[in-house]
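**Q** Take a look at the letters that make up each chain.
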Amino acid sequence: MPPEKLKLAKDMGSKEVFLSLARVKDSSRLFLGASDGKVYDIDLAAEKPEFKSWEGHGPYVTGLALAGETLVSGGYDCKLIWRNITNGGVIRTVDNAHARWIRKLAVSPDGNQCASVADDMVCRVWEVESGKLVHELKGHETLTPNNFPSMLYTVAYSPNGQHLATADRVGQVCVWEASTGSKVQTLQAPGLYTWDPKQRIHSIGGARSVAFSPNGETIVVGGIGHIGNIDHLDGPSRVEAFAWQKGEKLHEFLGDAKGLVEFFAFGPDSKWFIGVGGDNGGLIQIYDLEAKKVTKSEKSPMHVHACVLNETADKLFACGHGRVGVWELS
Amino acid sequence: MSENSGSWSRRGFLGASAAGAAVAADMTGLNVLQNPVLASELKQQGKRVILLWLAGGASQLETFDPKPGRSTGGPFRAIKTSVPGVEISELMPKMATRLSKYTTIIRSLDTKNADHGGAARLMHLGRRDEPTVKYPDLGAVLARELGRVDSQVPDYVSFYTATEGRGSAVSQSGFLGARYNAMFLTEGNVPPNLRKLDEISDLDHQQRGELRDLLSKRFAAGRQSASLGSHNESYARVRGLMASEQLFDISKEPQSIRDKYGPTLFGEQCLVARRLVEAGVPFVKISRAWWDSHGQNFETHLELVTELDNVMSALLDDLSERGLLENTLVVTLSEFGRTPSINSSLGRDHFASAWSSSLSGCGVKAGSVYGASDDDGREVKDGKIGAAELFATIYRAVGIDHRKDYHIGARPIPLTDPGTKHVAEVLS
Numbered sequence: 028m029p030p031e032k033l034k035l036a037k038d039m040g041s042k043e044v045f046l047s048l049a050r051v052k053d054s055s056r057l058f059l060g061a062s063d064g065k066v067y068d069i070d071l072a073a074e075k076p077e078f079k080s081w082e083g084h085g086p087y088v089t090g091l092a093l094a095g096e097t098l099v100s101g102g103y104d105c106k107l108i109w110r111n112i113t114n115g116g117v118i119r120t121v122d123n124a125h126a127r128w129i130r131k132l133a134v135s136p137d138g139n140q141c142a143s144v145a146d147d148m149v150c151r152v153w154e155v156e157s158g159k160l161v162h163e164l165k166g167h168e169t170l171t172p173n174n175f176p177s178m179l180y181t182v183a184y185s186p187n188g189q190h191l192a193t194a195d196r197v198g199q200v201c202v203w204e205a206s207t208g209s210k211v212q213t214l215q216a217p218g219l220y221t222w223d224p225k226q227r228i229h230s231i232g233g234a235r236s237v238a239f240s241p242n243g244e245t246i247v248v249g250g251i252g253h254i255g256n257i258d259h260l261d262g263p264s265r266v267e268a269f270a271w272q273k274g275e276k277l278h279e280f281l282g283d284a285k286g287l288v289e290f291f292a293f294g295p296d297s298k299w300f301i302g303v304g305g306d307n308g309g310l311i312q313i314y315d316l317e318a319k320k321v322t323k324s325e326k327s328p329m330h331v332h333a334c335v336l337n338e339t340a341d342k343l344f345a346c347g348h349g350r351v352g353v354w355e356l357s
Numbered sequence: 090m091s092e093n094s095g096s097w098s099r100r101g102f103l104g105a106s107a108a109g110a111a112v113a114a115d116m117t118g119l120n121v122l123q124n125p126v127l128a129s130e131l132k133q134q135g136k137r138v139i140l141l142w143l144a145g146g147a148s149q150l151e152t153f154d155p156k157p158g159r160s161t162g163g164p165f166r167a168i169k170t171s172v173p174g175v176e177i178s179e180l181m182p183k184m185a186t187r188l189s190k191y192t193t194i195i196r197s198l199d200t201k202n203a204d205h206g207g208a209a210r211l212m213h214l215g216r217r218d219e220p221t222v223k224y225p226d227l228g229a230v231l232a233r234e235l236g237r238v239d240s241q242v243p244d245y246v247s248f249y250t251a252t253e254g255r256g257s258a259v260s261q262s263g264f265l266g267a268r269y270n271a272m273f274l275t276e277g278n279v280p281p282n283l284r285k286l287d288e289i290s291d292l293d294h295q296q297r298g299e300l301r302d303l304l305s306k307r308f309a310a311g312r313q314s315a316s317l318g319s320h321n322e323s324y325a326r327v328r329g330l331m332a333s334e335q336l337f338d339i340s341k342e343p344q345s346i347r348d349k350y351g352p353t354l355f356g357e358q359c360l361v362a363r364r365l366v367e368a369g370v371p372f373v374k375i376s377r378a379w380w381d382s383h384g385q386n387f388e389t390h391l392e393l394v395t396e397l398d399n400v401m402s403a404l405l406d407d408l409s410e411r412g413l414l415e416n417t418l419v420v421t422l423s424e425f426g427r428t429p430s431i432n433s434s435l436g437r438d439h440f441a442s443a444w445s446s447s448l449s450g451c452g453v454k455a456g457s458v459y460g461a462s463d464d465d466g467r468e469v470k471d472g473k474i475g476a477a478e479l480f481a482t483i484y485r486a487v488g489i490d491h492r493k494d495y496h497i498g499a500r501p502i503p504l505t506d507p508g509t510k511h512v513a514e515v516l517s
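Chains as they are written, first to last, in this note's numbering: chain A, 28 to 357; chain B, 90 to 517.
Please note that a few of the clues may not be correct.
Stated by the list, open to error - DSS-like mimics (lysine-lysine), calculated; alpha carbons at most 30 angstroms apart, straight line:
1. B:K454 <-> A:K165
2. B:K223 <-> B:K470
3. A:K225 <-> B:K349
4. A:K225 <-> B:K183
5. B:K201 <-> A:K42
6. A:K276 <-> A:K326
7. A:K210 <-> A:K225
8. A:K106 <-> A:K65
9. A:K65 <-> B:K169
10. A:K75 <-> A:K65
11. A:K79 <-> A:K65
12. B:K190 <-> B:K223
13. A:K42 <-> B:K470
14. B:K454 <-> B:K183
15. B:K454 <-> B:K470
16. A:K225 <-> B:K454
17. A:K273 <-> A:K225
18. A:K52 <-> A:K32
19. A:K106 <-> B:K223
20. B:K349 <-> A:K165
21. A:K34 <-> A:K225
22. A:K106 <-> B:K169
23. A:K52 <-> A:K65
24. A:K106 <-> A:K34
In case anyone wonders, no lab produced these hints; they're calculated from the structure.
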């Protein structure tokens with residue numbers, strides 16, 4: 028059953044924009060990738076949580092992947108940095124991991140691999156231990172149908188680690204076999220491509236978020252629908268759900284809330300999930316896959332860029348514009 | 090309306106000398122270069138202006154005035170240009186290699202008005218509105234000053250194909266009269282209703298025009314009316330305008346040229362602009378909307394600046410290779426810039442306190458940078474100018490004395506507000 032209550036238990040402000048998040052298992056210790064190029068380390072369970080920071084990137088650390096004691100970070104500087112989280116020491120740096128902005132990282136469930144996606148429209152799979160490049164996944168167009176640069180926003184592993192999904196600006200989702208790097212499915216969510224040929228002659232949005240359900244059967248992809256007023260990202264938050272192996276669309280969720288859906292966290296029974304994001308404010312929404320509806324829509328004190336559920340799915344950790352917080356679910 | 094600058098009027102000058110070409114051929118006989126008014130008139134002959142209007146407000150930080158490493162700087166890097174010590178946004182790699190050949194950057198506009206409507210009017214008129222005078226916009230003034238009386242092509246062509254912000258895209262000839270109104274294209278790249286109806290033969294069309302001319306001359310006999318004269322002038326040019334339809338047809342361009350501009354609407358319209366100025370159209374405005382990036386500023390600029398960089402560099406190369414750039418000024422301008430602070434939608438808001446424009450080609454000192462904003466781009470620290478100074482500089486670049494007066498009846502109307510100085514540092 029989807030949780031019915033959502034309560035902000037603790038939050039911390041900062042002057043930075045937090046764009047990515049990774050959490051140490053069974054704890055409230057978070058790593059946050061920030062707009063100032065730093066990775067912040069904070070334990071929200073501490074009596075007086077403090078932001079400790081590591082430098083090394085240019086601006087905008089947009090992806091974090093945590094595997095055991097190893098944290099991989101990536102950003103708009105096209106660089107990947109491996110660190111040991113106990114001492115903060117840099118294990119490895121790959122300077123030109125991609126040719127354009129790195130948008131997001133994902134770690135495989137066994138922690139052996141991590142995947143990075145970037146605006147060079149390539150997903151690269153790396154061995155966490157050695158830093159070796161395992162696969163280059165190429166299947167997304169570099170230009171939109173309207174001849175503007177496309178962007179490869181997001182990536183997610185399936186719960187069994189056998190597949191990963193990547194999603195781009197025009198709403199195309201590619202599903203890849205992790206062991207071989209071959210593409211096994213393509214899904215289309217063109218409603219997430221907000222190209223406007225009349226009013227503005229450009230687009231905003233794209234497929235910003237993607238996730239597999241824990242049973243591996245469903246893929247959800249999120250962003251924004253048609254934008255009326257650009258001033259406040261004035262369009263309906265939009266999520267599309269697919270039975271991905273059949274290539275079948277299950278449902279389109281158009282939320283009451285306006286803005287981008289930027290990240291997902293699935294409940295353990297695969298029947299519900301949380302989407303976070305926002306416009307000039309923030310949104311947290313709970314989606315019921317069986318009932319095919321948004322069961323809860325809450326405002327967040329910040330536009331949210333990333334989130335994660337704890338192991339018992341009763342706490343949601345989220346970060347975004349100038350703030351990080353933890354919500355209790357019940 | 091009349092115009093006067095010293096004892097010579099432009100029309101009087103042109104009339105006395107029969108035609109610009111004849112004057113040019115006989116300059117020494119007239120000794121015109123010792124007369125500053127005549128020298129100015131000669132200097133502006135054949136000059137053209139293309140305005141790339143970035144409607145909604147392009148970010149100076151993501152174009153010509155990046156602030157790498159500052160909290161206001163955003164995620165884009167700054168890159169070196171062909172001018173030592175000058176960097177621009179990494180989104181403009183093509184313009185970076187061309188700065189020293191073509192372009193001057195102005196980084197110190199402080200125009201006070203950050204409201205779309207008011208700011209767009211200010212940056213089209215070069216001055217604030219006045220209740221008793223309807224001022225002409227930049228295009229109308231340049232059409233008046235640079236156009237030929239006997240021109241067979243439009244004097245002022247304006248593209249605004251998007252709908253957002255079109256209402257703020259000022260297009261008014263004001264006291265100059267309907268003759269200098271824009272041919273305003275909103276639906277595509279080709280003017281609608283320009284083509285002669287198939288059921289009317291060319292002879293019929295010509296004879297109908299002659300009949301209309303005869304009747305209107307009879308009607309006008311004994312009447313004195315500026316609007317009537319303006320109306321008749323417009324009709325007199327109909328056949329020439331109809332013949333200019335082919336100028337809007339880019340299928341007549343080699344594919345290699347079309348490829349350089351790219352397949353986007355903005356690219357195609359800039360290629361039409363080149364064809365128009367090549368044929369003698371003195372002023373073309375291409376409005377590219379909509380840059381109002383309150384939400385997702387960086388995504389918006391990744392799309393739009395990438396396109397601007399490609400199209401602008403293709404246009405400048407094309408003009409240069411055809412020998413047109415030395416007589417054609419390309420202005421890149423918005424109604425304002427965007428805030429240094431990054432809002433909660435990863436956007437930037439309206440900002441008129443320290444923003445940028447660029448001038449390329451005709452009369453411009455290529456590779457120069459005028460003015461500077463402070464380290465975070467929050468205010469101008471050097472060389473502050475407003476709309477009037479920018480307009481004066483544009484006029485000067487194409488050989489127009491910005492201190493000249495028009496007259497409405499006996500009332501002198503200065504081309505720019507009295508006391509306005511042009512930015513001499515950016516002119517060659």
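**Q** A separate judgement is required for each hint: does it hold in the structure or not?
**A** A quick look at each hint next to the structure:
1. B:K454 <-> A:K165: violated (46 angstroms)
2. B:K223 <-> B:K470: violated (34 angstroms)
3. A:K225 <-> B:K349: Holds, at roughly 24 angstroms.
4. A:K225 <-> B:K183: holds (28 angstroms)
5. B:K201 <-> A:K42: At roughly 28 angstroms apart (the allowed maximum being 30 angstroms), K42 (chain A) and K201 (chain B) satisfy the hint.
6. A:K276 <-> A:K326: Roughly 28 angstroms separates the two Cα atoms, so the pair holds.
7. A:K210 <-> A:K225: Roughly 35 angstroms separates the two Cα atoms, so the pair is violated.
8. A:K106 <-> A:K65: holds (13 angstroms)
9. A:K65 <-> B:K169: holds (25 angstroms)
10. A:K75 <-> A:K65: holds (21 angstroms)
11. A:K79 <-> A:K65: holds (10 angstroms)
12. B:K190 <-> B:K223: Violated, at roughly 38 angstroms.
13. A:K42 <-> B:K470: holds (26 angstroms)
14. B:K454 <-> B:K183: holds (19 angstroms)
15. B:K454 <-> B:K470: The given pair, whose Cα atoms are some 22 angstroms apart, holds under the 30 angstroms limit.
16. A:K225 <-> B:K454: It is violated: about 38 angstroms lies between the C-alpha atoms, which goes past 30 angstroms.
17. A:K273 <-> A:K225: violated (35 angstroms)
18. A:K52 <-> A:K32: Holds: K52 (chain A) and K32 (chain A) sit about 24 angstroms apart, inside 30 angstroms.
19. A:K106 <-> B:K223: Distance of about 56 angstroms is beyond 30 angstroms: violated.
20. B:K349 <-> A:K165: With a Cα-Cα distance of about 27 angstroms, the restraint between K349 (chain B) and K165 (chain A) holds, given a limit of 30 angstroms.
21. A:K34 <-> A:K225: violated (42 angstroms)
22. A:K106 <-> B:K169: Roughly 21 angstroms between the alpha carbons, so the hint for K106 (chain A) and K169 (chain B) holds.
23. A:K52 <-> A:K65: Holds, at about 22 angstroms.
24. A:K106 <-> A:K34: violated (37 angstroms)
Hint check: violations occur at hints 1, 2, 7, 12, 16, 17, 19, 21 and 24; the rest are consistent with the structure.
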